[in-house]
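J.: Protein chains in written order, with numbering that gives the first Met the number 0: chain F, 0 to 106; chain Z, 0 to 115; chain X, 0 to 456.
Be careful, since some hints might not be right.
Using 27 Å as the maximum straight-line C-alpha spacing, the simulated DSS-like pairs for lysine-lysine come out as follows [as the list claims (entries may be wrong)]: (1) LYS109/Z with LYS350/X; (2) LYS133/X with LYS108/Z; (3) LYS350/X with LYS432/X.
No lab work stands behind these hints: they were computed from the structure.
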Amino acid sequence: MIPQIFQTVPIEHFVYLSAVLFVIGVVGVLTRSNAIIIFMSVELMLNAVNLLLVSFSSYHQDPAGQIFVFFIMAVAAAEVAVGLAIITMIYRNTHSVDINDMSRLKG
Amino acid sequence: MGASSLIVLICAAVAFSAGGIAIAKFMVKGTKNTAKGEAYECGIPAKGTPWDQFNVGYYLFALIFLIFDVELIFLYPWAVVVKSIGWPAFVEIVIFMFILFMGFLYAHKKGALKWM
Amino acid sequence: MMVLIILTAAGILAMFASVFNGRSVVLPVSLSGLFAAGYFALLEWNTNTTYFEAMRMDNFAIAFTVVCLFAAFVFLLLYHYMHYSSDVHYAEVISIILFSLAGVVVMVSFTSMLMLFLGIEILSLSLYILAGLKKKDLLSNEASLKYLLMGAFATGFLLFGIAMLYGATGSFMLSDIAYYLGLHKAVAEPFIVTGIIMLMIGLLFKVAAAPFHFWTPDVYQGAPTLVTGYMATVGKVAAFAALVRVFQLGFSPALETYQFLFAAVAVTTMFIGNITALYQKSVKRMLAYSSISHAGYMLIALMAANEVTNGAVLFYSIAYTLASLLAFAVVAILQQKSGSDEVSVFNGLSKSSPLMSITFAVAMLSLAGIPPTAGFFAKFYVFSAAISDGWVWITVLAIINSFISVYYYFAPVIASYMKKGNEEGIVLATPVKVLLAIIALLTLLIGLLPGSLSYLI
Numbered sequence: 000m001i002p003q004i005f006q007t008v009p010i011e012h013f014v015y016l017s018a019v020l021f022v023i024g025v026v027g028v029l030t031r032s033n034a035i036i037i038f039m040s041v042e043l044m045l046n047a048v049n050l051l052l053v054s055f056s057s058y059h060q061d062p063a064g065q066i067f068v069f070f071i072m073a074v075a076a077a078e079v080a081v082g083l084a085i086i087t088m089i090y091r092n093t094h095s096v097d098i099n100d101m102s103r104l105k106g
Numbered sequence: 000m001g002a003s004s005l006i007v008l009i010c011a012a013v014a015f016s017a018g019g020i021a022i023a024k025f026m027v028k029g030t031k032n033t034a035k036g037e038a039y040e041c042g043i044p045a046k047g048t049p050w051d052q053f054n055v056g057y058y059l060f061a062l063i064f065l066i067f068d069v070e071l072i073f074l075y076p077w078a079v080v081v082k083s084i085g086w087p088a089f090v091e092i093v094i095f096m097f098i099l100f101m102g103f104l105y106a107h108k109k110g111a112l113k114w115m
Numbered sequence: 000m001m002v003l004i005i006l007t008a009a010g011i012l013a014m015f016a017s018v019f020n021g022r023s024v025v026l027p028v029s030l031s032g033l034f035a036a037g038y039f040a041l042l043e044w045n046t047n048t049t050y051f052e053a054m055r056m057d058n059f060a061i062a063f064t065v066v067c068l069f070a071a072f073v074f075l076l077l078y079h080y081m082h083y084s085s086d087v088h089y090a091e092v093i094s095i096i097l098f099s100l101a102g103v104v105v106m107v108s109f110t111s112m113l114m115l116f117l118g119i120e121i122l123s124l125s126l127y128i129l130a131g132l133k134k135k136d137l138l139s140n141e142a143s144l145k146y147l148l149m150g151a152f153a154t155g156f157l158l159f160g161i162a163m164l165y166g167a168t169g170s171f172m173l174s175d176i177a178y179y180l181g182l183h184k185a186v187a188e189p190f191i192v193t194g195i196i197m198l199m200i201g202l203l204f205k206v207a208a209a210p211f212h213f214w215t216p217d218v219y220q221g222a223p224t225l226v227t228g229y230m231a232t233v234g235k236v237a238a239f240a241a242l243v244r245v246f247q248l249g250f251s252p253a254l255e256t257y258q259f260l261f262a263a264v265a266v267t268t269m270f271i272g273n274i275t276a277l278y279q280k281s282v283k284r285m286l287a288y289s290s291i292s293h294a295g296y297m298l299i300a301l302m303a304a305n306e307v308t309n310g311a312v313l314f315y316s317i318a319y320t321l322a323s324l325l326a327f328a329v330v331a332i333l334q335q336k337s338g339s340d341e342v343s344v345f346n347g348l349s350k351s352s353p354l355m356s357i358t359f360a361v362a363m364l365s366l367a368g369i370p371p372t373a374g375f376f377a378k379f380y381v382f383s384a385a386i387s388d389g390w391v392w393i394t395v396l397a398i399i400n401s402f403i404s405v406y407y408y409f410a411p412v413i414a415s416y417m418k419k420g421n422e423e424g425i426v427l428a429t430p431v432k433v434l435l436a437i438i439a440l441l442t443l444l445i446g447l448l449p450g451s452l453s454y455l456i
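Let the sequences and hints guide you as you build the complete structure.
T.: So, in structure tokens, the structure goes:
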């Protein structure tokens, strides 16, 4: 079901790669100020997880991990749809998608 | 379905489309006329270039496309197991598509797909 | 399963009612949906029915489902009487609420990590939309964007944790994970440690526990007040139930190891929530910080990890839900009248609406944990669960925090009874009056007869 060739690569390599991707995503979320780029960074985090799941799925010879990836993709698409709608709504009101402009809520 | 049947299929497809064009070339007597180049009964005449900016309101199309495009991902694992499960799998996917269709119907009724 | 089908079908019906000009049928359809869902949930009491190895309707799940259904019922009625004529998206709001409840049901009954993820996302996506309901209001926009970005960020952590646990154990089933952890004494393996910590971060984000609480005040303040009430009750209770479930069904062999983390989180959450709440002028923001501190109290119950934990958490959730619903309902009504959410809107409330001032006082007493309200026994059960497991120091800190919280909870109550303000009577629809009175009575009743409720599950 899952090609044997993937198993010749040690699982650690996949884990390192996806951990690096995940961290790039986290750093992007924490440092960028454009809402759309933050959103892209979140997607990068999710895709790092997808990669991790697929490689573990191959490692364990278990298709459940791949099914989980399908669900993550579908949910991420729903999240993107909601997110872009929210960002469009904000752009219509403020003509900006910079989160540093959004500091009206303070206590 | 092996690789050989795929080759046969490709050959048949090429033969079918190329054959049609060849027969048309061979049988039709050519007359030059500008009206022939227009999109006769194929929608409204095109205006401007394809690289024009268009209304941002079409973002709804993009969002709806995004959702329905990705939801169909579930058809892939379904297609793998549908034979071994049989009719219950078919009923379940029909329910799934029905719920998706409800969403589409809602978007349509709300006018999200209206031409601007 | 029936619960899910009913909620989803009612949601779809409510959604289509708006396109076919059927605004008037929305409330009957959604309320009967809620009642049918509650009925079918209770029908499965003590059956432990398992669905597709993915969900199990045990008593824990049913109890939390019913609590959330009740909160949604209150929300729907209040929303109906406050916004029926003013909100063009009335039907959509109600259908989104029903969809979010489907997420709640999944979230409190999962036995597989996949369902945990799906449940959390269904609930969260609905809440992102609800937070941004006021499309022209910049505060609401901002709340919705912040919630979305932070929520999606937290989901990333949650998923990374799930993936790591899958890598270590080879399964998404909670029982398999627990079996693996118990069998291999593997709580210290790098994959497991990363997995559990990341999963904890993701879930603590959702319950708004410190240090992952920073989004809460902004989102709670910016969102429309009723929606804030919904987020603070259903959102928090469901997320907390999910946290308890993950740790009880999945990580029970590892709980010993992670108790100190929970202790640290619980203590910081209580102190940050309570001390920051002292300085708030906006009642909504004050309630937001108070909801953060309540997450801290609930974490204490989880930490104790003995047989009374479930009962204590459920009791606390019920008391907290009732009191928060009351508080947010009153704030929402006052805000609709005066356009402000400062403490000063409470001035003279005892004259202009005695019912609202009394119910609000009951809510504040319950949140502060003063007898004879439900909040007192909620704290009592949580603390006794902690002490029975030997966590005396944390209980002492929690009691100190309860004393701090009395100060800010009483500020609006004092304003409504002692200060003079606009004494023009506030007219409420009769069902709203009845609803407020019933919730206040329930709070008092549970406070007077706490007996059997805590041993329910």
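J.: It remains to establish, for every hint, whether it holds in the given structure.
T.: Cross-check of the supplied hints:
1. LYS109/Z with LYS350/X: Cα-Cα ~46 Å, so violated.
2. LYS133/X with LYS108/Z: At roughly 22 Å apart (the allowed maximum being 27 Å), LYS108/Z and LYS133/X satisfy the hint.
3. LYS350/X with LYS432/X: Roughly 16 Å between the alpha carbons, so the hint for LYS350/X and LYS432/X holds.
Hint violations for this structure: number 1 only, all remaining hints satisfied.
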